[in-house]
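Make the full structure from the sequences, and use the hints.
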Amino acid sequence: MTGAATYGGIAAIVITATTGDLLQARAMKEIGDLGAIRKSQGILEVTRRVLTSPWFMCGLFFMALAFFSLLVTLSWEDVSIVGPASASLTFIANAVAARLFLKERVDHRRWLAALFVAGGVALLAH
Amino acid sequence: MTFRKYLILAAVAVFASCGDICLARGMKDFGAVTAANWQQLFGVVLNPWVLTGIGLLFLFFGSYLTALSWADLTYVLPATALSYVLMALLAKLFLHEHVTLSRWLGIALVTVGVGFVASGPAVTPATLPQWDPCDSETRLSNSARGDA
Chain A
0 MTGAATYGGI AAIVITATTG DLLQARAMKE IGDLGAIRKS QGILEVTRRV
50 LTSPWFMCGL FFMALAFFSL LVTLSWEDVS IVGPASASLT FIANAVAARL
100 FLKERVDHRR WLAALFVAGG VALLAH
Chain B
0 MTFRKYLILA AVAVFASCGD ICLARGMKDF GAVTAANWQQ LFGVVLNPWV
50 LTGIGLLFLF FGSYLTALSW ADLTYVLPAT ALSYVLMALL AKLFLHEHVT
100 LSRWLGIALV TVGVGFVASG PAVTPATLPQ WDPCDSETRL SNSARGDA
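Chains A and B supply the protein sequences, listed in that same order.
With numbering that gives the first Met the number 0 applied, the first sequence closes on residue 125, and no number is skipped along the way.
With numbering that gives the first Met the number 0 applied, the second sequence closes on residue 147, and no number is skipped along the way.
A couple of the hints might just be wrong.
[Said to hold, decoys possible] No more than 25 angstroms apart at the CA atoms, straight line, and that leaves these computed lysine-lysine pairs for BS3-like: (1) K4(B) with K38(A); (2) K102(A) with K4(B); (3) K27(B) with K91(B); (4) K38(A) with K102(A); (5) K28(A) with K4(B); (6) K38(A) with K28(A).
[Claimed, not checked] Reference excerpt, derived from the structure (chain A facing chain B, CB under 10 angstroms, subset only): (7) G7; (8) A11; (9) I14; (10) L88; (11) R109; (12) W110.
Hints are computed from structural coordinates only; laboratory data are not their basis.
For every residue, glycine included, the Cβ atom is placed at its ideal position computed from N, Cα and C.
This is how it looks when you write it as structure tokens:
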């Protein structure tokens, strides 16, 4: 199965993956350096803090949606098409969304990196 | 950025690519998902390849969250993009997919992109203007300060 179903599947992966990434980046910024928390309070405290973060749980829900969209789309089309196409678009979507919603300072270097990586990943599909 | 932090970024790339390759291998056993057999999709987690893939993706997730706790999303994602290069190479070796000239070119572009972001700062506080060697304005003001 190719065509519209594959495009729809890829769009679903990009939207759910970007939302999940944003929510998780936000959760981790609120929790703080996991390495430092593990050193001072142990791995159980790290696990507790991550699992009790509402941002993290929302992010996890969207990542699960992205995962199942990926599994279904992989059954219609090769991983060498679906993987790069969805990943490539997710890089661009993430750069835009991180700037808008996480207020990350996306400088020239990061735009270039996002575009080069997205272009490279798209070429990997051929 | 310490050596340990670079090691975590490398772990993100390795676990992500190996996990995806295992999932792809497992879904090839299952075949195409259709309206008739989608209920069986829940049983696919018993496939050893899918199971291994999920295990590797758990490891990926742990290292990815750790990286996000001390670096920006727009740093972590491009910096760990070498996973796509690894995925293309593993797909060639393991799933016997063909790596064409344009895919090699893609590998080169991804590597250059990774180089761009990895050479910059991992965190950019949105509120603080940072010195950026690529930005002509800050470079000019800094050289002006040096001359004074």
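Inset, instruction - So, R109(A) near chain B? Judge it on the closest CB pair being under 10 angstroms. - result: holds, 5 angstroms
Legend entry - Restraint outcome when G7(A) is required to lie within 10 angstroms of chain B by C-beta distance: Constraint on G7(A) not satisfied, violated at 13 angstroms.
Legend entry - Satisfaction of the A11(A) interface hint, Cβ to chain B closer than 10 angstroms: Check failed: Cβ of A11(A) comes no nearer than 14 angstroms to chain B, outside 10 angstroms.
Inset, instruction - Would you check the hint for K38(A) and K28(A), treating anything up to 25 angstroms between C-alpha atoms as holding? - result: holds, 18 angstroms
Legend entry - 25 angstroms limit on alpha-carbon distance, applied to hinted pair K27(B) and K91(B): Holds, at roughly 15 angstroms.
Legend entry - Restraint check for K28(A) with K4(B), where alpha carbons must lie at most 25 angstroms apart: holds, 16 angstroms
Legend entry - Distance restraint between K38(A) and K102(A), which requires alpha-carbon spacing of 25 angstroms or less: violated, 29 angstroms
Inset, instruction - Given the hint that K102(A) pairs with K4(B), test it: the Cα-Cα distance must not exceed 25 angstroms. - result: holds, 23 angstroms
Inset, instruction - Hold the hint about W110(A) up to the distance rule: shortest CB distance to chain B must be less than 10 angstroms. - result: It holds, given that the least Cβ distance between W110(A) and chain B is near 9 angstroms, below 10 angstroms.
Inset, instruction - Take the C-alpha atoms of K4(B) and K38(A), compute the straight-line distance between them, and say whether it is at most 25 angstroms. - result: Answer holds: K4(B) to K38(A) is near 15 angstroms, not above 25 angstroms.
Inset, instruction - Double-check L88(A) for me: the hint is only fine if its C-beta lies closer than 10 angstroms to a C-beta in chain B. - result: This interface hint is violated because 12 angstroms lies over the 10 angstroms limit.
Inset, instruction - Mind checking the CB of I14(A) against every CB in chain B and telling me if the closest is under 10 angstroms? - result: violated, 16 angstroms
Checked against the numbered hints given earlier, the structure breaks hints 4, 7, 8, 9, 10 and satisfies all the rest.
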